[in-house]
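Last residue of the sequence shown? That's 982 in the working numbering, and every number before it is there in order.
Mixed in with the good hints, there may be bad ones.
Here are the simulated distance ranges between beta carbons [to be verified]: (1) ARG676 / GLY480: 50 to 56 Å; (2) ILE754 / GLY528: 41 to 47 Å; (3) ALA952 / ALA657: 49 to 55 Å; (4) ASP504 / LYS531: 37 to 43 Å; (5) ASP642 / LEU29: 56 to 62 Å; (6) ASP338 / GLY238: 24 to 30 Å; (7) ALA952 / GLU615: 29 to 35 Å; (8) ARG624 / ALA937: 35 to 41 Å; (9) GLU621 / ASP955: 56 to 62 Å.
Derived DSSO-like pairs (lysine-lysine); straight-line CA-CA distance at most 30 Å [said to hold, decoys possible]: (10) LYS295 / LYS205; (11) LYS263 / LYS427; (12) LYS720 / LYS845; (13) LYS692 / LYS632; (14) LYS610 / LYS599; (15) LYS295 / LYS263; (16) LYS793 / LYS599; (17) LYS216 / LYS205; (18) LYS550 / LYS576; (19) LYS793 / LYS824; (20) LYS550 / LYS632.
Keep in mind that the hints were calculated from the coordinates and are not lab data.
Source: prediction; values computed, not measured.
For glycine and all other residues, C-beta sits at the position ideal for the given N, C-alpha and C.
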Amino acid sequence: MMRWVLRLFSLLALAGFSAAVWYAGPLIRYADTRPLGPVWLRTTIIGVAVALLAIFYGIRFWQARKAQKAIETGIVRSGDRNDDSGVLEARMSEAIATLKQSSGRRNFLYEIPWYIIIGPPGAGKTTALVNSGLKFPLAGSGNAQPLAGVGGTRSCDWWFTEDAVLIDTAGRYTTQDSDAERDKASWLGFLGLLKKYRTGQPINGVILAISVADLIGFDDQQLDAHVTEIRSRLRELHETLKIQFPVYLLFTKADLVAGFMDYFGDLDEARRRKVWGATFQTTDRNRNMVGETSAEFDALARQLADEIADRLQDEADPVARIAIFGFPAQFVALRTRVVRFVTSLFDASRAQVNVSLRGFYFSSGTQEGTPIDQVLGAIGRNFGSASQAHLSGTGKSFFLHDLLAKVIFPEAGWVSFDRTAERRARLARFGSLAASALAAFASLGVLGLSYFANESLIGSTRQAMAQYRDGADSLLRSTTVTDVDLENVIGPLDQLRNLPAGYETAGQTKPIEESFGLSQRDRLLSASKSAYRQALERSFRSRLLVQAERTIQAKMADPIALYEPLKIYLMLGGKAPKVDDELIVSWMKQDWEENRYPGENNREGRAQLEKHLRAMLALDDAYDPVFELNQPLVEAAQRSLGRMSLADRASALIRSAVYAARLQDFSVAAKAGPEAQLLFERMDGAELADLGVPGLYTKAGFNGFYLPQLSRIAQMLVDDQWVLGGGGEQGGIDQDLPRLGPELIDRYGKEFASAWNGALDQLKFRAMLKDKPQYITLSAAASPDSPLDRLFTAIADETALTKDGAAFAGDTGTAQQDPVVMAKGLARIGLQIAGGKSQSRAGASSSATQNAGASVEAQFRPFQALVSGSSGRRPLDALTQNFHDIYQSVKLAADVPAQTERVNANLKLQISTMRANASRLPKQLARMVDAAADEFEGNVAETSVANLNQMLDETVTRPCE
């Protein structure tokens, strides 16, 4: 029954689990995913659960079949061969087959309970079982008969009922033959078989049968011998099976107590099936209840005495009435013997093995023999006379059926498990319970942690929002922009961006403690993003638009400078067909860095503004700006742009992309090397580190940025016509394109020369002779790796735009452009940049080819001439040698004053050579060299005057004095 309940529970649990997975699985969220959302995954999980349950019950079924087979073999197999062993084996096999068929269960030997019956032969066990009213499938229509055992159970009788297997060990109880040891080994082997295959409960109990006649008739010595034998059998079972089994003590042949049949003879069948005895009431299976035997026996006696009046009234026979009246006394006379027997056998202080007496009972299988009158017998024995006996020939059973069917068999689970197996099972149960409890506590803990983490997140977000509202109250209340200072809005915007679940955390991994289906971060993030976007629109975009309007107004008279701020203004206002986020960011960064928030002190603030700007542009993809632009201002700016030439528009477009390209500027201090500060300084006294040329006007800027921009400018002009509004719709761009390239190159060349000349015009040498006698500045100029050599070698390289095929160097900061595509784009605006082999491959004739960079670099031929020639023979090398010679001369004069005249003569020659070389140098360098020559000549003159004064002092002034 319990087995079917467990199976039903398992099926219900599986159904519940499957329903939970199927219907509740999609509702479970982890981080940003629903792990049980896919149908295939839920189907797989349910399938695995079904398979696991099927495997579990399949293994259980296989184990039961294996155990059944092993038990059958153990029952049937004979350990030795004698004359009748084959017959006995055949009978046992046939019996087992019949039992399988009648029970409908293939594993019935494994599933039903087993009981061992212990007691001496002649105790009435067979009679009791035959007349118990139980159903014996092997009996058919005849009387039930036991089966003789085979092998290990050859001295035992087998009783197979529908509800249990009973093994009567009466033969083993008295076996004293020469083969006792072998018989014992076979029996223990059979018990071991039960232990192995009925792992938890090899047997379910022991029925101890003792005849009332033996109990009354044996003297103390004989009774003690029985106790010893019974203990031996119990110990044998206990030591082999390692379990605590209940013992049911059955006193058979109770009809031999004088008056039994007179007292109970008129009971109907239903009452004769009842139990007459005591089952100890306890839930502790290991508790020894032997001490309650006297009290329970007395209770039975009182019950008999209480019913005497009714029995006497119902009985008409005077003789029977005497017997009925005396029966309680006859029963009480058993008390001493019963208590002594039970105490001797089961008292824990005497027994060598701890067994549990479940109860003691009285029964009668059939009524044969002479009843024993214990009262009159005792009197007769005292007076030397025999007792009067009554012969009974009835064949009724008393107090057996319900004892077996309703007490013993239903208590099949009362037996304790094998200690080792029980320990393993206990550990397994404890482990499973602990694991379940741990899993439950872990689940509750995780859910609790998730709850409190999300509650904390909500609370901290609410608090941060309250702080934001308090701090940004004036911004929230304002309806117009009265100032454009973005520094005033950085703080409030930072508060919103850095909310616990704010925009700043959008790309971060969600904390694990906020997950497990309770996460509120996504909802808070969505709300935080919305609040942040609204704040950006109200307080950030509005100020950017106002500042752009002011810039447009300020540059209205300069169309080239006006083009870019107008384009940015229209993009910010949502009036552009396509918004270039990077263009907006680069223009704003340049404006902040150069105009509004310049300097190192504002670096962090500019970085914060850039973060908010990028966030604003990212968040407005799904929203249209809500601000109305200043349309009259836009139209006025577009009219101003309408007066621009095509070259002006192209220049404005290229200029707008310069900042985003992040071109590397040419730095004088960096190119001159670590000793640059020793040799050079600026004319205006500013820092030398700030002197340089914008990256646009370098070789990389020209080849890597400007030329690629030129190759795309035609399409850019077409795409940007919207900036000019109605004026940009006019045609005529294509017809002006062939002239555009040369015009832009000409402009670039002028700007290139202006940038370089402006930087070089600021450069000069430091005073070279002030630090006498070290002459550190002059020494720096005279060294082989001098800053002078480094700087002007770098200048020559940066201005040689066509050197080493640099025309196709690629687009700086972007993916390198295909040379063929680039050549086509340049050809569209009238530029041919192919030369040599590249030219022939491009299909251009030499007469039609104009190298775009050649015209620009032509202005700087003198700088390239400085480094032309082999090492040591370049004009720059000659200049360095001049400085070296002069350094040697002045150093000698300082160290050896007596050589001054000769040194000065050499210096004049060296200075003259320097001036001659300066005439062939670029004008800026020639200016610097001439200034150095002037300093050297002045030093020679001062030295000559000083020497003349010293000579006059020594030869004229002092003698005259």
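Going through the hints against the structure:
1. ARG676 / GLY480: 50 to 56 Å: Given range 50 to 56 Å: holds, Cβ gap about 51 Å.
2. ILE754 / GLY528: 41 to 47 Å: holds (43 Å)
3. ALA952 / ALA657: 49 to 55 Å: Between ALA952 and ALA657, where Cβ atoms are some 51 Å apart, the hint holds.
4. ASP504 / LYS531: 37 to 43 Å: holds (39 Å)
5. ASP642 / LEU29: 56 to 62 Å: Check passed, 59 Å falls within 56 to 62 Å.
6. ASP338 / GLY238: 24 to 30 Å: holds (28 Å)
7. ALA952 / GLU615: 29 to 35 Å: holds (33 Å)
8. ARG624 / ALA937: 35 to 41 Å: For ARG624 and ALA937 the Cβ distance comes to about 50 Å; the hint is violated.
9. GLU621 / ASP955: 56 to 62 Å: Once the Cβ atoms are compared, 38 Å apart, the range 56 to 62 Å for ASP955 and GLU621 is violated.
10. LYS295 / LYS205: Distance ~37 Å between LYS295 and LYS205 Cα, so the pair is violated.
11. LYS263 / LYS427: holds (27 Å)
12. LYS720 / LYS845: Cα-Cα ~21 Å, so holds.
13. LYS692 / LYS632: violated (34 Å)
14. LYS610 / LYS599: holds (20 Å)
15. LYS295 / LYS263: Cα-Cα ~33 Å, so violated.
16. LYS793 / LYS599: Given that 30 Å is the threshold and the Cα spacing comes to 66 Å, the pair is violated.
17. LYS216 / LYS205: holds (16 Å)
18. LYS550 / LYS576: With a Cα-Cα distance of about 36 Å, the restraint between LYS550 and LYS576 is violated, given a limit of 30 Å.
19. LYS793 / LYS824: Between LYS793 and LYS824 the Cα gap is close to 43 Å, so the pair fails against 30 Å, i.e. violated.
20. LYS550 / LYS632: holds (14 Å)
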